[in-house]
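Residue numbers (the working numbering), protein chains in the order written: chain P, 1 to 380; chain C, 1 to 611; chain D, 1 to 150.
A hint or two may mislead.
Stated by the list, open to error - According to the in silico footprint, chain D covers these stretches of chain C (three or more CB under 8 Å from chain D):
id, segment
1, 30-37
2, 68-75
3, 189-197
Claimed, not checked - A short, non-exhaustive set of chain P residues, derived as facing chain C with CB atoms under 10 Å:
id, residue
4, 43
5, 73
6, 77
7, 81
8, 92
9, 246
10, 258
11, 259
12, 277
In case anyone wonders, no lab produced these hints; they're calculated from the structure. Since we're looking at a predicted model, the values are computed, not measured. No residue lacks a Cβ here, since even glycine has one placed at the ideal position from N, Cα and C.
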Amino acid sequence: MRDFFRRIRDSVFRVGWPEDERRALMAMRSSFLLHIHAAKVRPASLRATATWGLGLLSLFLFGSLVITGVYLMFYYVPHPDAAWRSMKDLAFVVPFGVVTRNLHRWGAHAMVALVLLHMGRVFLTGGYKAPREANWVAGVLLAILTLGLSFTGYLLPWDQLAYWAVTVGSKMVASVPGLGPPAALLLLGDHTVGEAALLRFYVLHCVVLPLAVAGLVAFHLYRVRKDGGLVTSEHAPAPAEGPRLLPAWPHLIYRELALLGGLVVALLLLSMVVDAPLEPQADPTRTPNPAKAPWYFLGIQELAHYSAFWGGVFIPAATIGVLLVLPYVDRHDQGLGRYWPKERRTANSVFLLIAAFFVTETVIGTFFRGPAWALMWWPG
Amino acid sequence: MNDEPALPRWLHVVVLGSFFLTAALVGVLLVQDAARPAQVEQRIVADLEVVDRCETCHDAADHPAPWLDDHPVERFGCTTCHGGQGLAVTKAAAHEAGPDWEHPLYDAAEREAACGSCHEAATVSGAPRLSHGRALLAERGCAGCHTIPGFDLPETAPQLDGLRDKVSAAWVRAWLTDPAPLNPVHKMPRFALTDAERDALVAFLFSLDGPALEPAPAAGDSDRGRLAVAQRRCTTCHRVDDRGGDVGPDLTLAGAKLHPAWLGSFLQDTHRLRPTTRMPGFKLSAEEAADIVAYAGEQWVPDADTPWATAADTVDPGLAAAGRALFVDRGCAGCHRAGDVPRTRAAMALDDLGRRHVSDLPQAGAAPTHDLPSWIATKVLVPAAFDVPGVAAAKMPAFTGLSADDAFDLGIALAALRKDGVPGDWKVAAPAATANVPAGEVGALVDRFRCLVCHQLGGRGGEVAGVALDGEGSRVRRDWLVGFLQAPVTIRMDQSARMPVMGISPAEATALAEWIGSSLADPAVEEGATLGDPAAGALAYAARGCATCHVVHGEGTMKGPTLDGAGARLDPDYVVALLAKGGAVVPGNRHPEGGLPEAEARDLAAWIESL
Amino acid sequence: MAEVGRRGFLRYLGVGAGVLLFGESAWATLRFARAPVSYGPPSRHALGPPGDYPAGAPTYADEAGVFVMRDERGLRALSATCTHLGCTVRKDGDGFLCPCHGSRYDNAGRVLAGPAPRSLRFVRLVLDRRGRLVVDVDAEVDADTHLKLG
């Protein structure tokens, strides 16, 4: 009998618990999940400052969002009559409904923030340069998809917050000269946010965008290894003492497990203490003042306040365009793998200035804009 | 084995620690979950979009009052009447407002407003404040400025053509400043106007020509005038020195207010000067009119000089155009007919007011209101309460003479107005009011004598008179009615309203009596009752204690109508029906409920027949 | 135990925590999947006053899907759900006929013919405090359980 179970176990786990380096290397090669990593890694890759774990945390968050999202789908009904009521069912009658929704909501916000920070880290260390150009472009697309996922998910609770944030967001799309109105119509399926928009956002949020992210993530991870691993460790000097390479098990895997554990604990604690916001059911006849987009679009809304075209359209579009062509234009290859190298001070300064500009605009739009988009003092 | 550095200890601690911490946190969640109610009772009313879980904690069978018999919880749910968040299963979330739920459970006033979202009748039993509010909506002419479902443009305000023939410019200015001192029973609200605006309004109104007046009457005799006022029973509708009815304006100062020529003409042919007035169409002789004018000029004047009686009576005709614009702008035309000014409503529609949230409305001062009826009450009592500096001031006038409770009742009636409230087939419409008045001669008479200003007929009409016209044809003898219409005698001593003596001619009285007798029969009264023994009836009258309320041969009390002369007045079939079936046979009758034995009723009817 | 060592012990601890977490999650998932309320039809239906259900032929209450029968011992409610595969039976002559696969029942719900494995179910009928009949179509009772009327 014991033998029977052992045979089952051995059929799945070919190597068993890696007690020594040889078996650890075998495990890394043979395990479906673990062979994402090289069997041996550079010690510089293990330093926290190498990546700050930002990309991996984003990936973990994506996984947790898929899981909690599937749970939520069991009770969510994508129809204006029932969507908000679904939130109430989760809140009042579904066991663990509240914490599931909280995990999903806070996880989504965290993912947006971490993905953007991850992008900043890669830029500062020159990670977009050859041979990583394509992976940088994939990363930019992933960031856009993440924003799209968050934005489509924002509508689903069908409360006042959701309804008006998406109304404002889609109006910003529609303000693009020429292409804007048909694009907004395509997104909403109608001229206003309504039944069609809710269904479209639901399908995009639950099927189209997650599949796109999953595919791009696979490509992204594949190219990380094929392009020579982390840019920070690739260009790091070899260690003065000790081995040049360390087995990924346990050194890398344990660190990743620690990140995962820490993330789960933090997210779970947050979700048990702070409830996701919910406002009264969407009412197209009552516009809250001010009607605000989701926080990550508030910088753009703030810019659009000054000029609908230049602020709301040109600057965001130009930013994305520059990010996409950047690796093919910026051909300098000095100072890679470090955060503040002499060779890249100009580039990094410009980048940080632009980032600071967006952060400032976002902070203003989020905290210092009151009714009628008038400036006001905290806390509003 | 090799020289690789060992895994740092803190890594083990973090990995294992986070595993256990996660397990512990999920354990906490499991424990919290175990405390949830095992079963949730849910009530769904798809039509009303109601999903109520109130019965998780409350038992509908414990509901007090008889409401649930007519409104079973299976059909209406709970929140339809009570408000609150039906989806919630915790007390705080279900009963109180929160970030995701704006309105707490309804208080008593809001529950009455909820009644009004289905029940459209003016009077809703069990909802006295709603009913009172709806009565005030009609009385105060709110529909003159606002679109309010169920209310037409009011016709109670006087027509203003020929105003310069009627009153002085100074009086109009005083009236526009504050109508209360001039007429304690006034219905017109007080508008915030500047002196210049008043001058402009006067200029416009005095530019309107009215019908030509009769030649000024010869000086009348004020003693005969006093007699005429008493005999005509003017005080049934008009108040003088705090006594009398409030259907028409107070006449205490009428002698100083009205130009004698106008009053004389008005009394000689009321409807020629004022076709839409509620006053019956009097056609007094020139002499009688002159007598009343003389009496009014002597008695109905202020004790001391009032500013408006002595002020300069100047009008600047150049301001008429500005006055007309102001007349339209302030919505005067909603209530008054004046020249060719179209009758339009000047203010916002209120047909969806009940859907507004107080949080979306401007707030007044330091004490914000949380419920809609209170907000509306504030607006009605102090229309300028919600004005914002720098924005045009509210045009709404102040409704004087409203108590705080009155204003709140108005708020209840208005808070019940929702376009999307309940589906059409859930509405309980007002009972069809069909005053079945024939066209032609009779219809013209009913209109001329304004019968329905005082009498009820088919659910319409006023309530000044204690007697509804429905069924009157079965109650009284036609001959008696012909005489009564010409010279109404007082039958119900306990009622202050006496039927005015309008000078109905014999032919007119006959036509009206014919109509009442043939068309206004009471189906509960069976014709052809055989009468019993009058002597036994007399004994029964004493035995039953009828004299507690009735008078016969001068004995008894006057709570009910006198029975002297009842033989000539009452139809015996009706007397039998009333006594045998009980007071409920006539709506509004105060006769005791529960009938007498048929034979006793016939005996009593026979005896009353003989009186 | 001795040969397990410190590392092995920690590993068992970690695996144990993982198993515990898995168990907790599985239980939570089961709980999550079974909210204590649904939007489906309720099992309890109000049928109105007993006077609506005269003696003689059974009266069908279509909202609840039961036949209400009155005899000298009181009222009973017979579920109209066929015991074979759940179709709704209809009155047929003196008894009941299932239209799906032809099961026949007599007037007391006993199987006469067809694939039905057992007789129709009698379900609980009670009076609520307002004196109306309430049936619970999920609560089966014995065939001779009558609601006695005072």
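Check your understanding: Any hints this thing doesn't respect? Which numbers, in order?
Key -> Numbers 3, 5 and 6 - these are the hints that the structure violates, sorted from lowest upward.
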